[in-house]
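Residue numbers (full-length UniProt numbering): 1 to 246.
Incorrect hints may have been included.
Stated by the list, open to error - As a list, the in silico EDC-like pairs of lysine to aspartate or glutamate whose alpha-carbon atoms are at most 20 angstroms apart:
1) 158 x 119
2) 87 x 102
3) 109 x 209
4) 158 x 196
5) 87 x 160
6) 87 x 183
7) 77 x 190
8) 87 x 69
9) 87 x 190
10) 234 x 200
11) 77 x 210
12) 158 x 239
13) 234 x 216
14) 158 x 66
15) 234 x 102
16) 87 x 210
17) 176 x 239
18) 176 x 243
19) 176 x 111
20) 234 x 160
21) 158 x 131
22) 87 x 200
23) 77 x 238
24) 87 x 209
25) 234 x 196
26) 176 x 209
27) 87 x 66
28) 176 x 210
29) 87 x 216
30) 109 x 194
31) 109 x 66
32) 109 x 69
33) 176 x 194
34) 176 x 190
35) 77 x 131
36) 87 x 194
37) 109 x 183
38) 176 x 238
39) 176 x 200
Treat the hints as calculated values from the structure; they're not laboratory data.
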Amino acid sequence: MHQQPLHRRSGQSLVEIGALLALVSLTAILGLSMIGVNLRTVMCQIANGLGADEQCEELSNLLFRDSFDNLNAWPTKYGNWNVEGGKLCGGPGAGSIYRPVEADNYRIKVDQSMLVSGDGYGVFFRASNFDVPGTSGSARFVGQLNGYSFQYDPGYAKGEFIIRKWTNGTEASPIKRVQAPPDYLWRGADRQIELEVVGDTFAVSIDGEEILRVTDQNPYMSGGMGFRTWANSKACFDDLGVEALP
């Protein structure tokens, strides 16, 4: 009787074992999903067992990342917004773009934010009602927005960083403003922008340094995020991450 070579049988066994393991893994994933177990939580528990607590905590709090391969996650936009070279770019001209955030307290971190030309850009937070189109004034370019914006604004006074509050698509006077250094390079430089939004207090950091902090006595307590350009501005953004905060 002719016997099949041992090495061939072993090779077949490895393939069969691999297929079986894949099937078991898929079954486990589907089972966990059906009973409502967050797979990210499971992975974090494994990571904790391996001593990776800090990295796991960051992962577990992450709401989303966006490297702007497309704009599928941004359902509401006004004006000219496109993906250019793997970056989200708005302008030239006035406009805004938004997406929901499924947390009340959160941190927005944009690793690359560049004012290409013009007078500035904004980052919206705790934004709502933006999907209702506006008919006059700035509301034509932001919708009937309620929320806040951080503005990177070389066109304001001598060049300032600003937080504004919005009601029904109309911006109020700044609730906090700080003047930039006289030699600050506004245009053509990638800046890391970070916004911390917790309760009634909001903080903004640029390139790792906190530049302003403000408390609103009558705050909006929830809402999404977005970006804004105005006048003749063009700005581009990349490597966005949003994580939940306590």
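Okay, the hints, checked on the actual structure:
1. 158 x 119: Judged against 20 angstroms, a Cα distance of about 11 angstroms means the pair holds.
2. 87 x 102: violated, 23 angstroms
3. 109 x 209: holds, 13 angstroms
4. 158 x 196: violated, 25 angstroms
5. 87 x 160: Judged against 20 angstroms, a Cα distance of about 25 angstroms means the pair is violated.
6. 87 x 183: Distance ~27 angstroms between residue 87 and residue 183 Cα, so the pair is violated.
7. 77 x 190: violated, 23 angstroms
8. 87 x 69: holds, 8 angstroms
9. 87 x 190: holds, 12 angstroms
10. 234 x 200: violated, 31 angstroms
11. 77 x 210: violated, 29 angstroms
12. 158 x 239: Violated. Residue 158 to residue 239 sits at ~29 angstroms, over the 20 angstroms cutoff.
13. 234 x 216: violated, 30 angstroms
14. 158 x 66: Violated - the C-alpha atoms of residue 66 and residue 158 are around 33 angstroms apart, more than 20 angstroms.
15. 234 x 102: Violated, at about 28 angstroms.
16. 87 x 210: violated, 25 angstroms
17. 176 x 239: Outside the cut-off at roughly 27 angstroms; violated.
18. 176 x 243: Since the Cα atoms of residue 176 and residue 243 sit roughly 24 angstroms apart, the hinted pair is violated (cutoff 20 angstroms).
19. 176 x 111: violated, 23 angstroms
20. 234 x 160: Distance of about 18 angstroms is within 20 angstroms: holds.
21. 158 x 131: At roughly 33 angstroms apart (the allowed maximum being 20 angstroms), residue 131 and residue 158 break the hint.
22. 87 x 200: Roughly 31 angstroms between the alpha carbons, so the hint for residue 87 and residue 200 is violated.
23. 77 x 238: holds, 17 angstroms
24. 87 x 209: violated, 24 angstroms
25. 234 x 196: Outside the cut-off at roughly 25 angstroms; violated.
26. 176 x 209: Distance ~17 angstroms between residue 176 and residue 209 Cα, so the pair holds.
27. 87 x 66: With Cα atoms ~10 angstroms apart, residue 87 and residue 66 stay inside 20 angstroms; holds.
28. 176 x 210: holds, 13 angstroms
29. 87 x 216: violated, 32 angstroms
30. 109 x 194: Within the cut-off at roughly 4 angstroms; holds.
31. 109 x 66: Roughly 11 angstroms separates the two Cα atoms, so the pair holds.
32. 109 x 69: Holds: residue 109 and residue 69 sit about 17 angstroms apart, inside 20 angstroms.
33. 176 x 194: It holds: about 16 angstroms lies between the C-alpha atoms, which stays within 20 angstroms.
34. 176 x 190: Not satisfied, since the Cα-Cα distance of roughly 23 angstroms exceeds 20 angstroms.
35. 77 x 131: holds, 8 angstroms
36. 87 x 194: holds, 18 angstroms
37. 109 x 183: Not OK: residue 109 and residue 183 at ~25 angstroms, beyond 20 angstroms, violated.
38. 176 x 238: Between residue 176 and residue 238 the Cα gap is close to 26 angstroms, so the pair fails against 20 angstroms, i.e. violated.
39. 176 x 200: Answer holds: residue 176 to residue 200 is near 13 angstroms, not above 20 angstroms.
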